[in-house]
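Position chain F against the provided structure of chain S, taking the given hints into account.
These protein sequences, in sequence, are chains S and F. Under full-length UniProt numbering, the residues of the first sequence are numbered 1 to 376, in order. Under full-length UniProt numbering, the residues of the second sequence are numbered 1 to 376, in order.
What the hints contain is simulated information worked out from the structure, not anything from laboratory work. Incorrect hints may appear among the rest.
Heads up, the list lumps identical chains together, so a pair's fine if it works in one copy or across two of them.
In silico SDA-like pairs for lysine to any residue, Cα to Cα no more than 25 Å straight-line [to be verified]:
1) K154 x R165
2) K79 x S307
3) K293 x T254
4) K176 x A21
5) K101 x T35
6) K293 x S82
7) K79 x L49
8) K293 x G327
9) K293 x D45
10) K203 x D214
11) K232 x P148
12) K168 x L360
13) K168 x M122
There are 2 protein chains.
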Amino acid sequence: MFEVLARDPSCNARRGRMELAHGTVETPIFMPVGTQGSVKTLHPDELELLGSQIILGNTYHLWLRPGHEVIRDLGALHKFASWDRPILTDSGGFQVWSLAKLRKITDEGVRFQNHIDGSRMMLTPELSMEIQASLGSDIAMLFDECPPYPCERKYAEKSLDLTTRWAKRCKDWIEKNQPRSGEGIQRHFGIVQGSIWADLREKSARELVNLDFDGYAIGGVSVGEPEEEMMKAVEHSVPFLPEDKPRYAMGLGTPPQILEMIGRGVDMFDCVMPTRVARHGQAFTLDGPIHIKNLAYERDERPICESSHPHVARFSRAYIRHLFRAGEILALRLLSFHNLHFFLRLTANARQAISEGNFLEFKESFIRRYTQAKSE
Amino acid sequence: MFEVLARDPSCNARRGRMELAHGTVETPIFMPVGTQGSVKTLHPDELELLGSQIILGNTYHLWLRPGHEVIRDLGALHKFASWDRPILTDSGGFQVWSLAKLRKITDEGVRFQNHIDGSRMMLTPELSMEIQASLGSDIAMLFDECPPYPCERKYAEKSLDLTTRWAKRCKDWIEKNQPRSGEGIQRHFGIVQGSIWADLREKSARELVNLDFDGYAIGGVSVGEPEEEMMKAVEHSVPFLPEDKPRYAMGLGTPPQILEMIGRGVDMFDCVMPTRVARHGQAFTLDGPIHIKNLAYERDERPICESSHPHVARFSRAYIRHLFRAGEILALRLLSFHNLHFFLRLTANARQAISEGNFLEFKESFIRRYTQAKSE
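Chain S with its partners taken away, still in its complex shape:
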């Protein structure tokens, strides 16, 4: 399912290829997030234009609305959203943690009130697997418990044990039900927890690897911790994960963070940030982010960035600024497209640099220019 094609001689960066039910994914890869069955503001044709190889769907959101039975009965998520390349779904656990109210975690699962109408609901490892099986994603994530940052070591230990117990129940469900993704089989990734403690990260990784999944994610990152802790979480987990399985850092990160993580051996990334900040007028450029609404761009004839895709580069900063001020939806589309292009190009360039054996040079040169912040 996963093959390492090249390794960078001077760091842990690696280039790989994943074969999934709906196609091939070249790694390292950035995965656009389609929370509710749509990558916000974009049409699937544009995702193809961007060269998106795999997108995300959020189990929690799709379970609540329109409901996984509706999607299953309409032929599963690929057909529903008219997207025929791979899809990864998360477990729903993180959204229960970040969006739902009155959460109560027990060994059985998590009780909560949903954020839409306040209904009382319960999500369990088995139900998360069942929902994701109904969605028919290529990769389903195991149901885990994500401890907050900061948290007591005691809490982190208990949470980690719970995550391992839930992982076993997920595994049992998978073996019994053999979920499919289109014409192929659904793959399943375990999630390494353990907060900031190296020994807990190791323990979590070893326990999950013992259960043998198709890939492993580093969870519990991007929850408010300093960047240093984020990098350590990766460094403390990666050595205990098998070389021949893909590694996924969930919900990350800025362009420099993604490059740093690739250098530490991570293969997959997803983040809502590129599309979310786009809707507030922030665009990524090789010289760092810019805010398109600034007066400075009123008569700026240049495209957003010299790296812009032609779909966006045909418009001046002045025009996109005007669209933003005028409240035109095209503004949100153009910056969302641009920012995703920036992230997808970043991982594509990283792949190439790894193949050519000069990843560190590429990384340092990118970060140097990006953080000089010449633009603003």
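Frame of chain S, contents of chain F only:
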């Protein structure tokens, strides 16, 4: 500039071709409205996919924001909005009438407070021409006064005289300044007023034709009058307009109204309705409009309409309904695209029917099915 290619034997419908600075327009034609330099929610690539031959820009909006000097300095509206096919701009008069506050009409022009920041401004025939020249549209509309419905005959008479005096001033400005549109010349259309009075419509049409413009619009329609009065306004104007000049019914209408007007000899239409109602969940179908948010479509696997363009037809009603309920922008895009496709296909089918000499049959068959309202 305009050539009649075919006439329907049983009514006033005609097929024609207009040569403008930025290309050819086949008539009868529907023109999508790009109020603020963007046809709401759509990218120019999609307008091309729709086969849009000409779009509108609103002088009032673009004058206020970003300002016509900004657009002029950035290379005029075609370049600013990255649209290289023809553009028609209105005079700004109608928006002053419908959006601005504290209007005061004098012989000189209209004083008002704008709807964005309440600034006091004045629009005159000369300024409207100057703004449209800065925008560089292919067709500029003369600055007119649009009487409300209903209005006193006395008011309509005075208003009509003012419109004629303003038309002369516009003509003077045009002759003196010779405005351009890209590599070609800008064309100018007069606007027939006269409210509901046949003799006033005739007077207005004759006075404008004496001044000799490139085309003529029927103005003062779609201002709250019954459909019968709308049709009469056309019937009372068309006989006094030259056969060899295009005729434009401003701001209209429903699909049956457009067909009725084509049958009365109108060549050009524009309306914000297809995109505006799309943003509220209404989609046009051959069986009449449907509201996609209705529960009836929760599991409906069919596309919006059997006539849907592939760009939209790949999605089920169930999916689009889900996107609307979830607040996803893609929903607005898909219905806007669909509705414009419906209107553009309507005028394309009308052109074909006229060429084949069976327009009346086409019109009656379309309206019969459309008004049976089987869908809801």
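Structure-based check of all given hints:
no., hint, verdict
1, K154 x R165, "within (17 Å within a copy, 86 Å between copies)"
2, K79 x S307, "between (33 Å within a copy, 21 Å between copies)"
3, K293 x T254, "within (21 Å within a copy, 37 Å between copies)"
4, K176 x A21, "within (20 Å within a copy, 69 Å between copies)"
5, K101 x T35, "within (19 Å within a copy, 43 Å between copies)"
6, K293 x S82, "between (33 Å within a copy, 19 Å between copies)"
7, K79 x L49, "both (19 Å within a copy, 23 Å between copies)"
8, K293 x G327, "both (11 Å within a copy, 24 Å between copies)"
9, K293 x D45, "between (27 Å within a copy, 24 Å between copies)"
10, K203 x D214, "within (18 Å within a copy, 81 Å between copies)"
11, K232 x P148, "within (16 Å within a copy, 70 Å between copies)"
12, K168 x L360, "neither (38 Å within a copy, 71 Å between copies)"
13, K168 x M122, "within (19 Å within a copy, 74 Å between copies)"
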